[in-house]
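Here's the letter readout for the chains.
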Amino acid sequence: MLPENTTAIVARNETWTGEAATEPHEAGWAREAVIFVRALKQPTGPQPKARVEISPDGMHWLAEGSEFDMPTGKDAIACARVSNFGNWLRVAADFPGGSHSTVLVTIHLKA
Amino acid sequence: MTDTPTARELAEAMRLAMLRADPKLSRFDPLPRIISHDDFSRGHCGWSQLVGNYEDDLDTMLPGYAQHTSAMLSTLGHWDAGSHGGYDSSYALKIATRPKTGAQNVAIKRLTFRKRCPIRFEAYFTFKPEATELKLSETDVRSVGFLFDLQGGDSDGDAERVMPHLRFLNALDGEHVQKWQFKRETTTFKPIGATDKTLSHYHLAPDGWEDVPHGAQRLCYNEIPTKINWTYLRFDFDLASMQALSFQCNDRVFDMSGFDSIRIPAMKNLWCMLNFAFFAEADTNKRAFLYVDSVCVSGDF
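From first to last, the protein sequence lines are chains Y and R.
Residue 25 in our numbering sits at position 25 of the first sequence, with consecutive numbering throughout.
Residue 143 in our numbering sits at position 32 of the second sequence, with consecutive numbering throughout.
Possibly wrong hints are sitting among the right ones.
Stated by the list, open to error - In silico DSBU-like cross-links for lysine-lysine, where the CA-CA straight-line distance does not exceed 30 Å: (1) Y:K41 <-> R:K211; (2) Y:K49 <-> Y:K110; (3) R:K379 <-> R:K226; (4) R:K211 <-> Y:K49; (5) Y:K74 <-> R:K308; (6) R:K246 <-> R:K290; (7) R:K301 <-> Y:K74; (8) Y:K41 <-> R:K308; (9) R:K211 <-> R:K246; (10) Y:K110 <-> Y:K74; (11) R:K338 <-> R:K290; (12) R:K220 <-> R:K308; (13) R:K220 <-> R:K290; (14) R:K211 <-> R:K338; (15) R:K379 <-> R:K308; (16) Y:K41 <-> R:K301; (17) Y:K49 <-> Y:K74; (18) Y:K110 <-> R:K220; (19) R:K135 <-> Y:K110; (20) R:K301 <-> R:K379; (21) R:K220 <-> R:K379.
Calculated from the structure, these hints are not laboratory results.
From a predicted model like this one, the values you see are computed outputs, not experimental measurements.
Can you build the whole structure from these sequences, using the hints too?
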């Protein structure tokens with residue numbers, strides 16, 4: 001049987017401001033994940049780094065170590081590749097005051 | 112003298128014997144043809160995110176749909192006891208709301224049918240809120256349920272779009288209600304975008320739910336937020352008459368004589384549609400989780 005492989009849309013047309021994060025995504029079956037963040041509109045203000053976070057329970061989170069610059073133009077894309085992440089994944093970013101970005105966040109998982 | 116069984120009786124006896132000897136199917140009672148059997152140990156099995164309609168700009172999507180996210184394959188991992196696992200595999204489909212009162216999420220499987228015949232929808236499910244508190248939390252999930260989205264064939268004279276909905280209203284505004292409800296109303300159809308090509312309506316709006324007669328039922332919830340038990344449901348529906356035939360949850364069979372579906376005029380591009388969806392709804396600012404271990408859809412054709 002071919003290994004499982006799926007695309008999950010975890011944030012669509014959400015405007016991120018302040019302390020932002022995607023909903024927890026459970027994917028313990030997957031060996032690897034590629035996470036894309038696309039700016040659906042022209043971002044406003046300085047854009048922070050985003051970080052991949054992992055969790056033992058989907059409720060308590062810490063940085064996994066992967067970071068990337070949030071996209072700075074409309075339709076620009078940023079990505080992170082992670083493995084050995086356990087069961088839970090999310091993407092988080094802390095926006096400085098006045099900054100925001102409307103994002104599409106997709107997680108591409110492979111067994 | 113014994114009667115000689117007919118070929119049809121022999122075939123049915125053989126079908127039942129094979130079903131009952133198959134550990135994966137023996138806990139279901141499928142009609143003669145299995146349309147799909149999803150146990151989520153083979154992936155998402157075609158259960159995808161219900162995305163709302165839009166045109167030109169995602170801002171045109173109705174808010175009820177904009178909140179949806181993708182369903183997950185879950186081992187029901189809990190902070191205190193580890194992975195609960197499914198009925199007989201490690202995985203179940205997980206439909207999770209956002210942590211907001213009234214938040215909903217929906218997973219959908221989209222097929223078409225080849226005959227307007229009786230169909231049977233069976234599933235093993237359970238629900239819990241996110242275990243963010245060391246409390247029973249039995250009133251934190253507002254509802255879990257399922258719906259079909261159906262439309263007759265393009266050559267049928269009586270074609271309409273028919274959407275049977277059933278939900279288990281677990282709690283409402285903190286009251287532990289525990290009853291089954293159905294729905295005949297949707298919201299007004301709203302044009303999406305600048306052309307008349309795309310319309311949208313929010314059929315899971317909170318208004319218009321009606322009680323299934325004698326539909327109160329206390330399910331097995333268990334004693335802390337991280338213990339779950341799987342619950343059986345079966346819904347029989349006739350695609351020919353577009354009427355519900357029967358509904359069962361565990362040991363209770365409910366009277367469907369007063370049941371009806373949301374009925375709207377046929378749409379120009381949904382012929383023979385056969386969609387199935389599960390949904391969850393939160394009653395507090397805590398995520399509500401609907402887990403589906405397995406689903407068997409069958410038909411009499």
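We went through each hint and held it up to the structure:
{"no.": "1", "hint": "Y:K41 <-> R:K211", "verdict": "holds (26 Å)"}
{"no.": "2", "hint": "Y:K49 <-> Y:K110", "verdict": "holds (25 Å)"}
{"no.": "3", "hint": "R:K379 <-> R:K226", "verdict": "holds (19 Å)"}
{"no.": "4", "hint": "R:K211 <-> Y:K49", "verdict": "holds (27 Å)"}
{"no.": "5", "hint": "Y:K74 <-> R:K308", "verdict": "holds (27 Å)"}
{"no.": "6", "hint": "R:K246 <-> R:K290", "verdict": "holds (22 Å)"}
{"no.": "7", "hint": "R:K301 <-> Y:K74", "verdict": "holds (28 Å)"}
{"no.": "8", "hint": "Y:K41 <-> R:K308", "verdict": "holds (25 Å)"}
{"no.": "9", "hint": "R:K211 <-> R:K246", "verdict": "holds (18 Å)"}
{"no.": "10", "hint": "Y:K110 <-> Y:K74", "verdict": "holds (28 Å)"}
{"no.": "11", "hint": "R:K338 <-> R:K290", "verdict": "holds (21 Å)"}
{"no.": "12", "hint": "R:K220 <-> R:K308", "verdict": "holds (23 Å)"}
{"no.": "13", "hint": "R:K220 <-> R:K290", "verdict": "holds (25 Å)"}
{"no.": "14", "hint": "R:K211 <-> R:K338", "verdict": "holds (23 Å)"}
{"no.": "15", "hint": "R:K379 <-> R:K308", "verdict": "holds (10 Å)"}
{"no.": "16", "hint": "Y:K41 <-> R:K301", "verdict": "holds (25 Å)"}
{"no.": "17", "hint": "Y:K49 <-> Y:K74", "verdict": "holds (17 Å)"}
{"no.": "18", "hint": "Y:K110 <-> R:K220", "verdict": "holds (21 Å)"}
{"no.": "19", "hint": "R:K135 <-> Y:K110", "verdict": "holds (26 Å)"}
{"no.": "20", "hint": "R:K301 <-> R:K379", "verdict": "holds (16 Å)"}
{"no.": "21", "hint": "R:K220 <-> R:K379", "verdict": "holds (20 Å)"}
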